[in-house]
Amino acid sequence: MQPTGRPDEQEFAELFRASWPRLFRLAYAVSGDRVAAEDDLQNAFAKVYAQWGRVQRAQSPEAYVRRMVLNEVLGGRRSGFRKRERPHSTVEPAGAVVSPEDGVVERDAIWAAVRALPPRQRAVVVLRYYEDLSEMEIADALGCSRGTVKSQASAALASLRRSAPGLVREEP
Amino acid sequence: MTELDLRETLERHLDEVDVPPAPLGPVVVAGRRRRRRRRGLTATSVAVALTAVAASGAALVLGDDGGRGVDSSGYASLGALDFSRGARAYAAPDQELHLAGRTFPYGELDYLDTDAVATSYGMVFYDHGRPMLLGADGEVRALVDGRLDDPGRFHPTAKADSQHPWVAYATRQDGVTTLTVHDVSTGADVASTDAGCGSCGGLVIDALDGGVVFVRTDAGTRTWDTATGQWQDFAGPTTRVADVRNGVVLYDGDAPSASRADDGSQVVAVPGAVDATLTFDGRYVLDWSSRLRSTDGSPDLVLEQGPTEQYALGFWAIDSDGTVLVARPDRRAGFVVYDCAVATGACEELGPLDPLHGDPMFIGVDM
Chain A
1 MQPTGRPDEQ EFAELFRASW PRLFRLAYAV SGDRVAAEDD LQNAFAKVYA
51 QWGRVQRAQS PEAYVRRMVL NEVLGGRRSG FRKRERPHST VEPAGAVVSP
101 EDGVVERDAI WAAVRALPPR QRAVVVLRYY EDLSEMEIAD ALGCSRGTVK
151 SQASAALASL RRSAPGLVRE EP
Chain B
1 MTELDLRETL ERHLDEVDVP PAPLGPVVVA GRRRRRRRRG LTATSVAVAL
51 TAVAASGAAL VLGDDGGRGV DSSGYASLGA LDFSRGARAY AAPDQELHLA
101 GRTFPYGELD YLDTDAVATS YGMVFYDHGR PMLLGADGEV RALVDGRLDD
151 PGRFHPTAKA DSQHPWVAYA TRQDGVTTLT VHDVSTGADV ASTDAGCGSC
201 GGLVIDALDG GVVFVRTDAG TRTWDTATGQ WQDFAGPTTR VADVRNGVVL
251 YDGDAPSASR ADDGSQVVAV PGAVDATLTF DGRYVLDWSS RLRSTDGSPD
301 LVLEQGPTEQ YALGFWAIDS DGTVLVARPD RRAGFVVYDC AVATGACEEL
351 GPLDPLHGDP MFIGVDM
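Taken in order, these protein sequences are the chains called A and B. With the working numbering, letter number 131 in the first sequence gets 131, and the count goes up by one each step, no holes. With the working numbering, letter number 211 in the second sequence gets 211, and the count goes up by one each step, no holes.
Any given hint could be a false lead.
Distance windows between CB atoms, simulated [claimed, not checked]:
| # | chain 1 | residue 1 | chain 2 | residue 2 | range |
| --- | --- | --- | --- | --- | --- |
| 1 | A | Gln56 | B | Asp145 | 49 to 57 angstroms |
| 2 | A | Glu62 | B | Ser77 | 48 to 56 angstroms |
| 3 | A | Gln59 | B | Pro105 | 47 to 55 angstroms |
| 4 | A | Cys144 | B | Asp82 | 55 to 63 angstroms |
| 5 | A | Glu62 | B | Leu356 | 33 to 41 angstroms |
Honestly, the hints are just simulated from the structure, not real lab data. Since this is a predicted model, take the numbers as computed values, not measurements. Idealized CB from N, CA, C, for every residue including glycine.
Taking the hints into account, I'd like the entire structure generated from these sequences.
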């Protein structure tokens, strides 16, 4: 696809292409569904295009776009089946897969436990440990307070440890 | 579990995710649509939309039937439809829908949308996961009977073959996803097969060409040749087949891994945008412009009507008879719709279309 000619569209195309892979992974991590992630990302970028002037004026356009993407993924506009949480029963019980000698299996169990988290907690975990954002940046991305980020992160980590009790090790 | 474990886990799983091609064209078009809709949206149009939603609720079959079946009596008979000059199916959303030379209030046919498929024998669409046919007699009938699994969750799309009066669709029953190629001229199934992927999350039919079905799942694209029953790996998950016509494959992303078709013929693969389409002869790519790009080195085709600059305001679709439908902006009418011949580029005016909000919509074309 070629950029559409007008200067702002050229800039949009550049940002779109540059950020699509990273934001797809983020959307996928939070939604847990490839198709939904792709749909949400397209919808979010359509909104970015429609509000390009506002995006450009943002202090950090990239952060603003990330916020729009997360809003789309976590937003209430989802159809029923996409809003639904993955039932916990569909996640392999950690005890059934843990092998202390096998780091790969252990990480698979952690991944399954991450996917079983509620979406907002999952978003906090992904933003913190994958995107490497600070609490303040996460709060900005999710449109919530720093305190909410702290509480969501705490709940998420507690849940991960509960979901994978065999994996719990003391923090060094 | 340490924070390091968590970090490594996320990196390992997410860095390995196959990222689909970035669809700039559809996003730009959707963004433009949002801009225009925002400007044009009025309290009146909101009221019209709500009315249409209410009407559609009455017209469509029950959504909570658990997939048991479809009450086709929920569809009003439209009387005879003449598809001999193409379906000529387009709409001003919430206002009016044009089909086979006739005009209907939009609410009467709002089950026909961009996911429907136009054929020379009628319109194929899904109703809660069940493929349906609006035939030339103006009646709607189900193409598959029986209870379906999770009807609201399954969106495999349907595709029409330009070489035969056939459509391909997928249904999910008792945990098995079945692909079917159906002859809409006779009402008989040409072939059907278990898609071999259980409930087949994310299964999409991307194309049907000469009886070969291009099926995409999260794992990539495979082809099913209805003539031989053979399956063949065609492309990985980073390839998106946009269209296939007359043996020419239009794709986005990485080039297909298969170099030969099941019949041994060389695959002719042409890169392009995921929302572009091919003319029935496979010679030209229709990609948001009245200048159609040649796939074989011959001169491009320029239609008599519509902007030739890519992404200039206009709307395009390949009709069921292989002609190109063009909605060209018009100062007085909003848009004027034309039906253009691929052989000559000559266009016949079909009439004006003036959406109060949103864009002109070609039924069966999700460009």
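message: Under the constraints set out in the numbered hints, which ones does this structure not fulfil?
response: Violated: none.
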